[in-house]
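Engineer: Listed here are the chains, written in short residue letters.
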Amino acid sequence: MNRVDVCWSCRGGVVAGEGFCPTCRVIQPPDPRRDHFHYFGLNPGFDLDLGVLDTVYRQRQQQFHPDLFVSRGATERRYSMEHVTRLNEGYRTLKDPLTRGEYLLKVTGFREQTPENATPSDPAFLLEIMEWRETLEEVDLKGKNAAVQLQQLRDRMMETCDAEVVALGKGFHDWFVGGKREGLAVAAQHTDRLRYFTRFLDELDRKSELFF
Amino acid sequence: MAYNDKVLEHYEKPRNVGSMDKNDLHVGTGMVGAPACGDVMKLQIRVNDAGVIDDAKFKTFGCGSAIASSSLVTEWIKGKTIDQALSIKNKDIAEELALPPVKIHCSVLAEDAIRSAVDDYRKKQKGGANASGA
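Same order as they appear, the protein sequences are chains A and B. Number 212 marks the last residue of the first sequence (the numbering used here); no jumps. Number 346 marks the last residue of the second sequence (the numbering used here); no jumps.
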């Protein structure tokens, strides 16, 4: 919902969170009550048009760039920095499926934070991730096929991740479009799985760096 | 992050890394994970007929504190009865390794791993007894 606020400079009416005052054209502070989706003018949901996200991001980077405000007062310089910080944070969060999923679980009120310790509810999954880790560990990094093996393992994992992204997208879709609250539990489960797989990829990439 | 000496000790020279036959009736396998950081920990215990843990092995993929916590736990539980092993609390592990607050969950993971391994062992024993009684 848009809130009406008062321009800090000319005292005219502004929509809270809009970048500039319609009357005096002076930069306005970002509205902390807006979530990242609203900030980027996007509908909240997992399925995003990443092209739109990129475009809005670039446009606003240009609008709010601190270089444009160097000759302005301290307040304007500060607001420009606040917008750019806000933009970067929102862009980073929404661009990546994992952080987008985590963020959605938060804004939907499903959970504030990822649990630090799992209830051993899904031993089969833990076994699966353990097997991935062991396969990676068994790659002989000094062997002549190491680079190829790592690449193949990476390709397989990317496919696995893609499947998780589809599954968690479906969970969010069930909530945002279908109104089914249990969709969020499904999304949370797949977000967690995606996080385990992402950490695995981090580790794999650390090992792969040896070859570049 | 600067690790404490004891954590480094275990990280560089982890004790009892490895695996045991998970189908062995005397072996209990515990598997736990931390969704927030993506760490996974496997802890296995072998229990002799006197109910004493005579061997323990672990495999942990995660940060130094998670590896040190599980390594320490394998040292501690060897030679203990199941109930003694279950009495080990995450606080004991965190204190011994001087874990900072952000790493406390690693010691919780290790405590959970003991419980999970014992649960698996007990389940197997029950199943085994039923099978031989049938």
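Note that these hints are calculated values from the structure, not bench results. Quick caveat, the model's predicted, so the values are computed rather than measured. Hints may be right or wrong, so weigh each one.
[What the hints assert, rightly or not] Covered, in the sense of this in silico footprint (three residues per stretch, anywhere, with C-beta under 8 Å from a C-beta of chain B), are these stretches of chain A:
| id | stretch |
| --- | --- |
| 1 | 57-66 |
| 2 | 90-101 |
| 3 | 107-116 |
[Claimed, not checked] Examples of chain A residues lying across from chain B (beta carbon under 8 Å, computed):
| id | residue |
| --- | --- |
| 4 | M81 |
| 5 | V84 |
| 6 | L126 |
| 7 | I129 |
| 8 | R133 |
Ideal placement from N, C-alpha and C gives every residue a C-beta, glycine not left out.
Engineer: All the hints need checking, so say for each whether the structure fits it.
Structural biologist: Going down the list of hints, with the structure as the test:
1. 57-66: violated (count 0)
2. 90-101: Answer violated; 0 residues pass the 8 Å Cβ test.
3. 107-116: Satisfied; 4 residues make the cut.
4. M81: At 28 Å from the nearest chain B Cβ, A:M81 fails the 8 Å test, so the hint is violated.
5. V84: With a minimum Cβ separation of about 29 Å from chain B (threshold 8 Å), the hint on A:V84 is violated.
6. L126: Because about 4 Å separates A:L126 from the closest Cβ in chain B, which is inside the 8 Å limit, the hint holds.
7. I129: Hint holds; A:I129 Cβ to chain B Cβ min 5 Å, cut 8 Å.
8. R133: Holds: closest Cβ of chain B sits about 4 Å from A:R133, inside 8 Å.
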